[in-house]
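Start from the sequences and build out the full structure, keeping to the hints where you can.
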Amino acid sequence: MDYPIWNLALGGGVLIGIVAITHVLVSHFAIGGGLAIAIIETLAVRRRDPALRALAKRSSLMLILVSTVFGAISGVGIWVTIGLVQPAATSALIHNYVWGWAAEWGFFILEVVTALLYYATWDKVRPRTHLVIIWLYFFAAFMSLVIIQGILSFMLTPGNWLESHSFWAGFFNPSYVPGLVLRTGICLFLAGAYLTLAALRESDAAARLRMVRLLAVFQVTGALLAYGGYRWWEHALPGSVQAIFLGAKALLPALASTRHLVLWALAFYLLLALYALASPRWHRWPSAVAALLAAFVFFGGYERLREGARKPFVIRDYMFSNGVLVSEIGALNQRGILSKAGWVQLGGDGSAEAKGRAVFRAQCASCHTLDGYLSIRKLVAPVDPDMLRGILTTLREEGNEYSSAGYVHQGHIATEKLDYPLMPPLVGTDAEVDALASYLLSLKPSNVAEVSHAK
Amino acid sequence: MQSNLIPALDPAPLPGPQWLFHVLWVVTFLIHLTFVNTVLGGSLLAALAGFTRSGRREIQTTFVEINSWAISLAITFGIAPLLFMQVLFGRFFYTATILVAWAWLGMLVVLTVAYYLNYVAKFRLRAGKGAAGVLVVEALGFLAIAAIQVTVNLLHLQPARWEQVAANSMAALSDPTFVPRFLHFVLAAVAMAGALLAWVAVRRAGNGGEPAALGGMARFGVRAALIATLLQLVDGFWLLLALPEGVLRALMRGGPVTMVPLGLGILAGVLLLLVLAQISDPLAQPAKVRRVAELIIGAMVFMVLTRHQLRDIYLAPSRGDEHVAVAPQWGVLAMFLVVFVVCVGLTIYAVVRAVKDRPGPGEQAA
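Top to bottom, those sequences are chains A and B. Yeah, the first sequence ends on 455 if you go by my numbering, and it's all consecutive. Yeah, the second sequence ends on 1366 if you go by my numbering, and it's all consecutive.
If you are wondering where the hints come from, they were derived from the structure by calculation, not from laboratory data. Treat each hint with caution, since some may be false.
[Unchecked claim] EDC-like cross-link-like pairs, simulated, lysine to aspartate or glutamate; straight-line CA separation at most 16 Å:
hint: 1; chain 1: A; residue 1: Lys340; chain 2: A; residue 2: Glu328
hint: 2; chain 1: B; residue 1: Lys1122; chain 2: B; residue 2: Asp1175
hint: 3; chain 1: A; residue 1: Lys444; chain 2: A; residue 2: Asp386
hint: 4; chain 1: A; residue 1: Lys444; chain 2: A; residue 2: Asp384
hint: 5; chain 1: A; residue 1: Lys57; chain 2: A; residue 2: Asp123
hint: 6; chain 1: A; residue 1: Lys124; chain 2: B; residue 2: Glu1363
hint: 7; chain 1: A; residue 1: Lys124; chain 2: B; residue 2: Glu1294
hint: 8; chain 1: A; residue 1: Lys444; chain 2: A; residue 2: Glu328
hint: 9; chain 1: B; residue 1: Lys1356; chain 2: A; residue 2: Asp123
Please read these numbers as outputs of a predicted model, since none were measured by experiment.
Have a look at this one:
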């Protein structure tokens, strides 16, 4: 809220989701694909199998185009997007984890250079050197995941970092290892599903069967690891998040539905993988494409779940999605939200409506747009003035629960006990809340029509 | 400007001493810039190669092959300076990017397209087809990225312009130093890519390459570097004089700290021009071609230092009351250094092994 707000009809969170899900798909494939290609080429050398060698070779161009081109750019894309949409949170993460990211960058240098070398040295170096290069690639790519998982999981379960602010306490947080197991499984099953498509292009039937069966091992192992990791990860989440996942809150059916979708997609994927293992001859394009789609649904759904589970925070129990810190609720109720939100007041004429709009932009605009994603105009349309004031009063009182730690359970704020568990509390002075109420009521269609008519 | 538009300092302390972040930022930025110059200048020269009489295909192929590595490395080495810069100046940087958000985000789309076009050109040239049109579009893409980078850079230095740009984002381009700074960037890239091209031609000629085509390639490179450096000297003074009066005065009155890097940078540019002017047949003057490359690297080092000092001067009024808390994470910093050294070591090992290892007689290749 200290920063200018980028008005995006699509919604900033949706944009982050699109860029992030695209990137994680690519980056996890780059890791699993690296391992799969390393194993395939190792077997090709040991068995003197030209068909396996050809599979590794034709998959390596895809690895380059995906890993070093799209993966690298979409990785920077996440930085760009979160900096635009959540600058305060990005700054908080950078200040705590810059050395972690810098270490990951070291692995990334090794990953990019070995990926390029691997592709460039086909038919040029001895097989042993080629294998050293691809195994180095996999090592670097996996170590990137080992580091980045610490930072990603910190945002959802910061653990003892909340008290100590220690790098390692936040890094090795409760969901770190479960998430790492889950993501390792995802790497394997994404690679298995994609490379199966490449293997199906093999014209020699016997060779094709060997490849499909080998890749099915990847798929089954990946799916089982992902399932175990997912269950463990869910178990490591704060009780309040688990309660929402399990559908305790009638108001929030979306996360529970996504969870069902995720688990069913994984079960479907596992079935297809077992089918490929048992009957590689019959595993052809339709079932292979279906497996890849199921893998995408599981992974995309899981990422959506992870993002959703963090709400209303961007860093759980520390910073809300609108940039307000849990620790500053009391002070902002005294001083007013506009005391630290200069940008939202630009262009205002000092009127009550301008003040209300500024409060809206400071606290609500990180999620709600006027007419686009989570349109506030649509949301207030059916609400009468008394009801609106009731909602705002409740949201404001919930701020007191946060700051007084009234709903703390097992060290976490038990958001499921709140009436609006996915929304940050409303902070600010009484006058600001009144101004916000007036502004929101002015957006109701009848009022807009009256104003237009009066003009 | 409203005084409260500059976001507050992040409440978290810096996880290391400020000087260390500055050093890491400058060093990693230099490496990044070397690859960026290669990519930008290389793509421009590859596009312009269509107008040469001899060595056209060699020039295009050389840059397309180099760029398929250099673009990746430019992105990879861009991550570190971006990280360290955000630690020190995040509140200025984020604000500037949000003010031109669509352009900043669009830069990634342009980068993706330009990168894939480089692969399109690479495969077309390998197949014996033409790629002139593809190369022109690729070069335009990288020029657009350079313009966006310069815009954000200038904007983050000048909070006084933020309110104006918030009202009209096109005002982001209205800074008097925008054009000379953009040209400074582009001309430096062309000079470096030209020198690189000449150096590659000299190396290939030494390894028994075809002299006629390599001669054309080397002459094209030297000519491009010469013209770019000549224009750079004019543009450099334009840029200096276009600086806001207070900034220029602070730079000039900074004593040896600011004047030595600036003076040495200008001196390297003048020497570069003199050496380039002496090269009539690059293949016969390999020592001079190598000297050109050394002078360009030298000029780049000093100009990056000056650029860094200019940032401090620009932002000094906005950071007057800044009290930065520092709580170094020494253990994690040590981990980073160990990881970095190990990874760079393994990278060098892999490159050396890939370059030197060749199958013996009767042995199969991978």
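Status of each hint after checking the structure:
no.: 1; hint: Lys340/A x Glu328/A; verdict: holds (11 Å)
no.: 2; hint: Lys1122/B x Asp1175/B; verdict: violated (38 Å)
no.: 3; hint: Lys444/A x Asp386/A; verdict: holds (14 Å)
no.: 4; hint: Lys444/A x Asp384/A; verdict: holds (9 Å)
no.: 5; hint: Lys57/A x Asp123/A; verdict: holds (10 Å)
no.: 6; hint: Lys124/A x Glu1363/B; verdict: holds (11 Å)
no.: 7; hint: Lys124/A x Glu1294/B; verdict: violated (32 Å)
no.: 8; hint: Lys444/A x Glu328/A; verdict: violated (32 Å)
no.: 9; hint: Lys1356/B x Asp123/A; verdict: holds (14 Å)
Of the numbered hints stated above, those contradicted by the structure are hints 2, 7, 8, listed in ascending order.
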